[in-house]
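Chains as they are written, first to last, in the working numbering: chain A, 1 to 314; chain B, 1001 to 1570.
Because the hints were derived from the structure by calculation, they are not lab data. Treat the hints loosely; a few may be bogus.
Unchecked claim - With a straight-line Cα cutoff of 20 Å, these simulated EDC-like cross-link-like pairs (lysine to aspartate or glutamate) come out:
id, chain 1, residue 1, chain 2, residue 2
1, B, Lys1055, A, Glu161
2, B, Lys1408, A, Asp33
3, B, Lys1130, A, Asp62
4, B, Lys1268, A, Glu161
5, B, Lys1441, A, Glu58
6, B, Lys1111, A, Glu58
7, B, Lys1055, A, Glu49
8, B, Lys1500, A, Glu36
9, B, Lys1408, A, Glu58
10, A, Lys164, B, Glu1266
11, A, Lys164, B, Asp1239
12, B, Lys1357, B, Glu1346
13, B, Lys1407, A, Glu161
14, B, Lys1126, B, Asp1104
15, B, Lys1441, A, Glu49
16, B, Lys1441, A, Asp33
17, B, Lys1130, A, Glu49
18, B, Lys1210, A, Glu268
19, B, Lys1407, A, Asp93
20, B, Lys1407, A, Glu36
21, B, Lys1194, A, Asp93
22, B, Lys1337, B, Glu1482
23, B, Lys1210, A, Asp93
24, B, Lys1111, B, Asp1219
25, B, Lys1408, A, Glu36
26, B, Lys1055, A, Glu268
27, B, Lys1087, B, Glu1188
28, B, Lys1126, A, Asp33
29, B, Lys1127, A, Glu58
30, B, Lys1337, B, Asp1153
31, B, Lys1130, A, Glu203
32, B, Lys1393, A, Glu58
33, B, Lys1500, A, Glu268
34, A, Lys164, B, Glu1458
35, B, Lys1407, A, Asp80
36, B, Lys1130, A, Glu161
37, B, Lys1492, B, Asp1371
38, A, Lys164, B, Asp1371
Below are the chains, spelled out letter by letter.
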Amino acid sequence: MIKYCVKRLLLSIPVIIGISLLAFILGVLSPGDPAEMALSREGLEAPTEIQLNQMRQELGLDKPLYLQYAVWLGRLCHGDLGTSYITGQAISDELARRLPVTFSLALFALLLAAAVGILLGVLSACYKGKALDKALTAVSGVMLSVPGFWLALLLILLFGETLKILPTSGSESFRHFILPAFVLSFSTMGVLCRYMRGAIVGEMGKHHYLVARTRGIGKMKLLLFYALPNAVIPVIALLGNYFAAVLGGSVIIESIFAIPGIGTMAIEAIHMRDYPVIQAYVLVCGVILVLTMLLVDIFIAYVNPRIRLGDEHV
Amino acid sequence: MKKICLVFISLIIALAALTGCGAATSDTSAPSRRGSGLSDIVVLAARRPLAPGEKDACYCSIVLKVWEPLITHDDATGLPKACLATKWEMKDGGKEWIIHLRKDVRFHNGKHFTAKDVLLNIDRMKKGYKRSSFYGLSVDTYYPGLISYTAPDPYTVRLVFDRPNVNQPYKMMDFGSAMYYPGCFDEEGNFSGKAIGTGPYKIKENVLNKYVVIERNDDYYGEKGKIKYYKIRNIPNADVRYAALKAGEIDGVLDLNAIPPFLAEEIKKDPDFSISVNKSTMVRFLILNGRDFPFNDVHMRQAMSLAINRQDLIKGLYLNYAVPTQNLLNYTSPYYKEIPPEYNIEKAKKLASEVLKGKSCKVTYLINSADPMQKGEAELIAYELRDIGLDVKIQSLEYAMMIRTTKKGDYNIARMQQGLANGDPYGIFVSFYTPNGARNKNNTANYSNTEIAALLKEASFCTDEKRRYEIYYRIQDIAAAELPVIPLFYDKNIVAYNNKRIKNYTALQYGVDLVNAELVSQKAQENKQIQDKQIQNKTDENKSHVHVNEENKMQDRKNMANKNGGADGR
């Protein structure tokens, strides 16, 4: 397995370099002058051409593009992600502050989505065709169609402003993550519920389950101990993708709940044409995605040893 | 299945560790309402971090009262006002300035503040431009042409320039002469830790992008703060700040755009909340492409200004939390001349038809997509401009793109804003009204006026204050007539607060008066609650009284109807 992991990690290096190059090109192609954005602060100040040139020189924007990229890549090889054009802060420090926040939110949302989504899916499959199944199908439909920002505002109004039992914003404690994690996981709960129901119903329809039933094994026992472990494997892959996507930053939710994660950092950087931050963000997201996919593969192989990783058995 | 459960449980533990640990560290290090009683800390919120930290030239905003300048501004008049300096003298036609310092000032670490500290702060400025979220630090901006700076005695500083800097006290206002303990700086002039100033509050804890806690400086030489701790949270979204205020998580809001007008009107309806309003240093205006037809003609610019009903715009969109104007110079400047905006659609039509020759003209109006108010504003203005023959196409762009488009001149009208760093209008006038001015060039305004150029040249040397007023008044008159830009309105600084928790929370031109804000005492809170209850009871009583009366009336009507019905039946 170690050989497989190393191979996967090595293969991901050119992918990540490609992503960073693309991010760099897209960044510099997009209109806007970082020096102007850094100095004018949306019109509060009017920088002169001399000041702008000085700033361009300081930021290295006067150099040819290939040189700018090479300098950035060279620094990266030494573990230096650079400094923000706008704040002057080291990007690695900024990421170190923000990543744990986004990671906590993503993990909380993942657990919530998995727990509730799988539970609802199992319940729905258990009571297939009955009133509860129909109700849960309808509920999951609502979950899928409710816009996240609307739900966020509604929950803030209800639990924050009216009942005053949960904080409306911030990231200082566990309580602060309850509402944003719920909103973030809401539609995924719906997806998982439907996915899980379909997978369990499919499993339960297979021949060996029918034989087991005729041999007198209880439906619940079959469902929980035989069908569920098989049905949950594709769900894990789905959750892996979801986790990587949320780690990439849930901009709207972070913005509504004033959570200082990497999503809000990226949006601010794009707005201010802060290229080094954008490049670092893309790079970090790429690495997160590659690692998450790898972990998901390993985890799936761990829970289901029949699955092969690469050319070998685990 | 066991394996899945195992992984699930370990994920839960990881989550608890991540979020739980974070909570523990922040709660123990910062004073909190939960931890030490209700009244030890006031929690406020701003849309941006007010203490961006060590890499920011200022470390924190002047609003926090952590550092003080040599010269500040008078909030009522806009004139320079003594702060760490007691007085200043101009010599040699503005080429030399003598600054006298207070003798009773100590930094937060107990060290005396002397002229040597001023010199070391200027040394820091000379190390090159330093970026800031507030105002960038540059010796060329605040002390242009500085040749030497010396301390003839421990409480006097002598500044010598190679040119007459007659408005030097204005340049030194607030961010221009911020003083820090020199030991705060590293070799490059950046902060090497928390900022140490001389102000009535000091930094206690700063968690970047989350919050900053400031603590009262009990050794402050002047009027001490009434509140021991403030925690200022960073909540970028105005709606979320409003929700947090209503939910009781924060006690007030501050900083630029603290609360938009429509939310200010909403929160005013709740008796537990109050708002405070003051002038703001921000002016909003339309820039015009003066290089191309039709705005290369002064009559068209005049027609456009005459066609915009600023009063209606402010009433309808900004709920009167703005002041209409035809003058670009902000109303907080001491040199400001009031020029009421003229709205005259007939005159506008006449002027426009002279330029457009009775035809209509298609124009592009750029707005910043990040500001939702600009869209409504543009739609109203476009509707009004239709009457003078301008067929407006509104284009919503990201700000960086908007700047690029205006620089290239691929537009006709664009909505912009401008702050006023200090009360002296010289910099703004040079930037907007001279051919090589930064804003004039960047906006493709193509504006020039020989009289304004001559007046500005005179202003740069003029030491006679009366004459300076005359010069600046004349420039404002010319600009209001020729309209290189179309000023729309001045902002107002609106702040909201929970009046059950705090009082004397007064909006200043920039920020709020943190020193004079006070906690509402426990007794006063109880009294207010009793009063509120009494009012509620009275209202309920009145309602029930009205209800009983109505019920009685209904009964009477029924009786009457029965009687009548009975009579009819008989």
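The hints, checked one at a time:
no.	hint	result
1	B:Lys1055 - A:Glu161	violated (36 Å)
2	B:Lys1408 - A:Asp33	holds (13 Å)
3	B:Lys1130 - A:Asp62	holds (19 Å)
4	B:Lys1268 - A:Glu161	holds (16 Å)
5	B:Lys1441 - A:Glu58	violated (23 Å)
6	B:Lys1111 - A:Glu58	violated (35 Å)
7	B:Lys1055 - A:Glu49	violated (24 Å)
8	B:Lys1500 - A:Glu36	violated (44 Å)
9	B:Lys1408 - A:Glu58	violated (24 Å)
10	A:Lys164 - B:Glu1266	holds (19 Å)
11	A:Lys164 - B:Asp1239	holds (16 Å)
12	B:Lys1357 - B:Glu1346	holds (16 Å)
13	B:Lys1407 - A:Glu161	violated (45 Å)
14	B:Lys1126 - B:Asp1104	violated (27 Å)
15	B:Lys1441 - A:Glu49	holds (10 Å)
16	B:Lys1441 - A:Asp33	holds (16 Å)
17	B:Lys1130 - A:Glu49	holds (17 Å)
18	B:Lys1210 - A:Glu268	holds (15 Å)
19	B:Lys1407 - A:Asp93	violated (35 Å)
20	B:Lys1407 - A:Glu36	holds (11 Å)
21	B:Lys1194 - A:Asp93	holds (17 Å)
22	B:Lys1337 - B:Glu1482	holds (16 Å)
23	B:Lys1210 - A:Asp93	holds (15 Å)
24	B:Lys1111 - B:Asp1219	holds (11 Å)
25	B:Lys1408 - A:Glu36	holds (14 Å)
26	B:Lys1055 - A:Glu268	holds (17 Å)
27	B:Lys1087 - B:Glu1188	violated (31 Å)
28	B:Lys1126 - A:Asp33	violated (26 Å)
29	B:Lys1127 - A:Glu58	holds (13 Å)
30	B:Lys1337 - B:Asp1153	violated (41 Å)
31	B:Lys1130 - A:Glu203	violated (65 Å)
32	B:Lys1393 - A:Glu58	violated (39 Å)
33	B:Lys1500 - A:Glu268	violated (36 Å)
34	A:Lys164 - B:Glu1458	violated (62 Å)
35	B:Lys1407 - A:Asp80	violated (35 Å)
36	B:Lys1130 - A:Glu161	violated (41 Å)
37	B:Lys1492 - B:Asp1371	holds (17 Å)
38	A:Lys164 - B:Asp1371	violated (30 Å)
Checked against the numbered hints listed earlier, the structure breaks hints 1, 5, 6, 7, 8, 9, 13, 14, 19, 27, 28, 30, 31, 32, 33, 34, 35, 36 and 38; every other hint is satisfied.
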